[in-house]
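Number of protein chains: 4
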Amino acid sequence: MIIVMARGAGEAAIAAVVGKIRAHGLSEHVSRGTERTIIGAVGDERVLSADMFELMDGVERAMRVLKDYRLVAREVHGSDSVVHVRGIPFGGKQLQLIAGPCSVETAAQMDASAAAVKASGARLLRGGAFKPRSSPYSFQGLGVAGLDLLLEAGRAHGLPVVTELMDVRQLDTFLEYDVDVIQIGARNMQNFDLLKEVGRINKPVVLKRGMAATVNEWLMAAEYIAAGGNHNIIFCERGIRSFETAYRNMLDVSAIALLKRETHLPVIADPSHAGGKAWMVPALSMAALAAGADGLMIEVHPQPAEALCDADQALDPQAFAQLMQQLAVLAPALGREL
Amino acid sequence: MIIVMARGAGEAAIAAVVGKIRAHGLSEHVSRGTERTIIGAVGDERVLSADMFELMDGVERAMRVLKDYRLVAREVHGSDSVVHVRGIPFGGKQLQLIAGPCSVETAAQMDASAAAVKASGARLLRGGAFKPRSSPYSFQGLGVAGLDLLLEAGRAHGLPVVTELMDVRQLDTFLEYDVDVIQIGARNMQNFDLLKEVGRINKPVVLKRGMAATVNEWLMAAEYIAAGGNHNIIFCERGIRSFETAYRNMLDVSAIALLKRETHLPVIADPSHAGGKAWMVPALSMAALAAGADGLMIEVHPQPAEALCDADQALDPQAFAQLMQQLAVLAPALGREL
Amino acid sequence: MIIVMARGAGEAAIAAVVGKIRAHGLSEHVSRGTERTIIGAVGDERVLSADMFELMDGVERAMRVLKDYRLVAREVHGSDSVVHVRGIPFGGKQLQLIAGPCSVETAAQMDASAAAVKASGARLLRGGAFKPRSSPYSFQGLGVAGLDLLLEAGRAHGLPVVTELMDVRQLDTFLEYDVDVIQIGARNMQNFDLLKEVGRINKPVVLKRGMAATVNEWLMAAEYIAAGGNHNIIFCERGIRSFETAYRNMLDVSAIALLKRETHLPVIADPSHAGGKAWMVPALSMAALAAGADGLMIEVHPQPAEALCDADQALDPQAFAQLMQQLAVLAPALGREL
Amino acid sequence: MIIVMARGAGEAAIAAVVGKIRAHGLSEHVSRGTERTIIGAVGDERVLSADMFELMDGVERAMRVLKDYRLVAREVHGSDSVVHVRGIPFGGKQLQLIAGPCSVETAAQMDASAAAVKASGARLLRGGAFKPRSSPYSFQGLGVAGLDLLLEAGRAHGLPVVTELMDVRQLDTFLEYDVDVIQIGARNMQNFDLLKEVGRINKPVVLKRGMAATVNEWLMAAEYIAAGGNHNIIFCERGIRSFETAYRNMLDVSAIALLKRETHLPVIADPSHAGGKAWMVPALSMAALAAGADGLMIEVHPQPAEALCDADQALDPQAFAQLMQQLAVLAPALGREL
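In order, the protein sequences belong to chains A, B, C and D. When we follow UniProt numbering, the leftmost residue of the first sequence carries the number 1, and every step to the right adds one. When we follow UniProt numbering, the leftmost residue of the second sequence carries the number 1, and every step to the right adds one. When we follow UniProt numbering, the leftmost residue of the third sequence carries the number 1, and every step to the right adds one. When we follow UniProt numbering, the leftmost residue of the fourth sequence carries the number 1, and every step to the right adds one.
Hints may be right or wrong, so weigh each one.
In this list, chains with the same sequence are indistinguishable; a pair is considered to hold if it fits within one copy or across any two.
[What the hints assert, rightly or not] Only pairs whose alpha carbons sit at most 20 Å apart, straight line, appear in this in silico EDC-like list of lysine to aspartate or glutamate:
| hint | residue 1 | residue 2 |
| --- | --- | --- |
| 1 | K20 | E306 |
| 2 | K93 | E35 |
| 3 | K203 | D44 |
| 4 | K67 | E35 |
| 5 | K20 | D57 |
| 6 | K196 | D167 |
| 7 | K196 | D180 |
| 8 | K118 | E176 |
| 9 | K93 | D68 |
| 10 | K93 | E11 |
| 11 | K196 | D148 |
| 12 | K67 | D111 |
| 13 | K118 | D57 |
| 14 | K203 | D180 |
| 15 | K118 | E197 |
| 16 | K196 | E217 |
| 17 | K93 | E262 |
Derived by calculation from the structure, the hints in this document are not laboratory data.
Here chain A stands alone, though its shape is the one from the complex:
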């Protein structure tokens, strides 16, 4: 912690700051500048907060120096961590594609989706059984019946499944169904009780970035899961909210690059939710991988125009197969394999 004293702060104010630092078990370095005095707190500053000092007389600003995250930090764990989902590695040389419809609708739709996903070479199936919808009057997902259909299609086609958990009370059901990867959606990135619960199990977790979350907050959300003992975390960039109205969200490729530097954990991107338009998916997919992503999660629906949610952003099987071919060309140019 660095405490910057206001211009003209007196000795009593400086002594009070020093006293507070010592009271918390740290020691201080006092730097008397020409215009201001600056005090550094030496020791484990995690017991301090900027607030504690900023309210004191004569203090202008207090700044934390250390990063708040530990378990997920690359600084602590230098090499890349690989998260395995039934033997499929996230975070290694191989790029992973998770594909499937926004929401689970029928057995036929899921079977067609899984077949298309499998045929294209993607290795995991997605599908929402519980859907977070802005309106209480919109289709909310099939619920447990949707899990049945998803698992059935996944098992039939040899694809591990990824699906979203919204309510902590459903976790037992997810475990019973042996869902392969639990997705925490953007709206729940700071649902701390939910994070704590998925931290207590051992399932891989895809953690989406909150709509307006900083990368630091996102890392701290992952730290909640890791602090519980579950280190099988895959970050998923899905675009942030911005002033631009021409696309649903703004895919933040800088965040991908920054995460790959700050954490040892794998990072994927969701170009479907980011752009919100099917025609944008190929360009955003390529950009995310070029920025360093370890994989993608893409919406694919056998008949997009009939989808019960997000029809506008799903690829049909043919468009997805074509994109997979493009990615197969791109991967080696990035030193990766598909």
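Chain A is already provided as a structure; the job is to place chains B, C and D on it using the hints.
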């Protein structure tokens, strides 16, 4: 729903759109312009979504015309609704102040807080027992023990209490303790399962705005609660996330003005979380009320510099009493009373 | 400047940083923490930049401690500065209202506007002769002919005039016409050549905030003007760009409160451009003044529905007169006078 | 234009809207829905504005249907336009790299920069002679002397030069010096007088996106230039301002994809200003090209740590050469050549 066809869209494309409108039980009006054809869907458009059309050949854009919210809309329920908390009215002529510490810490702290709140003329006591913190290593609140201390202080000083519910599994405890007002925090504004649960009870709910939520999304979150049968909803503007780093959040007074026009329900503001600095609280309090807010929620702590969270933004009892005097002067100029 | 060394940075890296600090004529304080070393640069740090250090081996971050603005800083010039426009004080106890149409259209329109402005008790007349429009095909203003009409109406009704300067080549014309207050629009807040030119004259300048400018950048823009010798600067908050689409811009009342603390210069607000809707103007006007603004700039048009620009946000004379009555009630509650 | 009437708007209100549409030479289609009446204006709606209608009694909303841009729109001019700079094509199969220092400092620095740029295979040299700096106390560029050094280095190494024009009064000098490409910076994207002036000449113009400009506003800024007769426009995405503080700006790859769809003109990206950190440049460069960019503008400085501005984001010659090798591998995977 209005569907704008692309330049040069042919008759087949137009017929397909018309077919889809009719298939959903609505009828159409087709407007052939010099550059484009525009098709209006006539009937209850809530069964349609823009996605359904935007994916069709020859369609450029589809726009919803009706608003998505109904129960909370002023359009439906012209006059102001007043939400009563143990007889204290929110949404009438009287302005309501909710005050107290960010988090419940000790019996002495709560007693001193409640005494200060009562003495100043504010009518409700706040205090967090369960705290949403960005870091798993920060103080997470006293939990149930905190509810005990909060209720005790509130009952002793005759102040109904307001406290945050984060986890749906705690709802029964909140009901057992007979918490007077349940607060849904910014991070849970779109925790739809939580919204549905508080929709099933009859307690007043303070619904804070999400960090980057549009006013429309916020109204829809309230609609989730109202759709469950609970119409005792109080909106609370607490600032949005912006590019500005000089203050924690940006208090959005336009949202207050817009809500007062769009909904019949009461609206309050939280100037403490908005600004994030104690010195900003008076100016933001005045601004929120001048924009039309029906009340304020303010952090007050007997010794701010010792607070376990958000020390930097809490007022001490003296500063709060002084603010109450300013507000007493302001209220009649706004046609309100304190 | 504070330089935070990376974990494990060696002595050579520390010595290099110290060397660079000394090479710029400052001295250093080195603080060796348990995890990191922190180096403070003591002296006039304005000759340093964070960039210089962040690129060096072993440096994690460099942070400036001093504020970049000087002439406009309250720290330097404690009491409020009052800017006088033909004897009308901005920044004292009296609140000032600048009103008039978005753009100058006809002599009749300007005469009716000026009459309405005068009758309501406002003291300055606004009107755009040169208009910044997003589209090259929109009405661009009457140009010099507009200045004629504006000045004529202002002089006839005894109202000093405020109008926007967009092009540095028009400055001589503005001086010839003896425009009373020069407005620098949001899009030109960082048009540094324009700022330098208005810094060389002595006319009062209304400096609008850029669409996505931080308060610090805004203060620095004013510093450009002040550095040229012109200290007659009036800040004007006009709303920032945000993700919210329900209103044009988001009025930032926190910025008003912060500016009143950071600078000695007067601050006004433009609720018309902020909200972009006439019905929002009264609420935003009240909120801006309650937050501490020294005045307002409001669009008034004799027949808003016929206005050539921003029709949607102008008040008609009757609505403006009514707002002035509300403000007359509010002012004393804020310790001000109208 | 589509005008949505409020619920319960009467016949008189509808007739007034129809009258206004006709008065502007268009005709109407009236669609009477179950809840609302919707009126479409048929004809060239560019003479109408939403404002005109939204202020009328009984009107809830008015929406423009047509896009505002014409000359720059792909809709009008289907195939890609190629902008040639001394024979170097922007917008064809070949990717173009513009590289060089942020600001021109000395003859030696420019010579070393140009040599490095040339050796790496990039085809154009950048360097700022006039610098937009947030602080009036920062280095403002060498001015005309800087143009001399830039042109000299460019001509000596056979590299056309790109440099920023900030002040309309400098345009003649730029023409005299025969600068090859004129850059309009982010802060001047809506400096409409400057846009009009560069619209009157025939030089290629690099038009950077404003800090918080929508893609539509950016296209309209280009339309200003095109409307003057100059169609040699190259868009340059340089990141937008966001809430994230971990990087300078947020590179918006979705904007690149959208522009390639909406306009026939070439699009490049500036990963140096976007990320603000040298280590981010390779990842962002790859991402921008993968999203469809036709080239890049990158800061390269012989000794970044000594640079007078933006030291933190410049690559040294070795890092740049290495990046060029990576791009040479990437280009064919994107169907491009370097």
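Outcome of the hint check:
{"no.": "1", "hint": "K20 / E306", "verdict": "between (63 Å within a copy, 10 Å between copies)"}
{"no.": "2", "hint": "K93 / E35", "verdict": "neither (53 Å within a copy, 33 Å between copies)"}
{"no.": "3", "hint": "K203 / D44", "verdict": "neither (32 Å within a copy, 44 Å between copies)"}
{"no.": "4", "hint": "K67 / E35", "verdict": "between (28 Å within a copy, 11 Å between copies)"}
{"no.": "5", "hint": "K20 / D57", "verdict": "within (13 Å within a copy, 33 Å between copies)"}
{"no.": "6", "hint": "K196 / D167", "verdict": "both (12 Å within a copy, 11 Å between copies)"}
{"no.": "7", "hint": "K196 / D180", "verdict": "within (18 Å within a copy, 28 Å between copies)"}
{"no.": "8", "hint": "K118 / E176", "verdict": "neither (25 Å within a copy, 51 Å between copies)"}
{"no.": "9", "hint": "K93 / D68", "verdict": "neither (29 Å within a copy, 46 Å between copies)"}
{"no.": "10", "hint": "K93 / E11", "verdict": "neither (58 Å within a copy, 37 Å between copies)"}
{"no.": "11", "hint": "K196 / D148", "verdict": "neither (26 Å within a copy, 24 Å between copies)"}
{"no.": "12", "hint": "K67 / D111", "verdict": "neither (46 Å within a copy, 36 Å between copies)"}
{"no.": "13", "hint": "K118 / D57", "verdict": "neither (65 Å within a copy, 28 Å between copies)"}
{"no.": "14", "hint": "K203 / D180", "verdict": "within (7 Å within a copy, 39 Å between copies)"}
{"no.": "15", "hint": "K118 / E197", "verdict": "neither (32 Å within a copy, 39 Å between copies)"}
{"no.": "16", "hint": "K196 / E217", "verdict": "within (15 Å within a copy, 27 Å between copies)"}
{"no.": "17", "hint": "K93 / E262", "verdict": "within (19 Å within a copy, 36 Å between copies)"}
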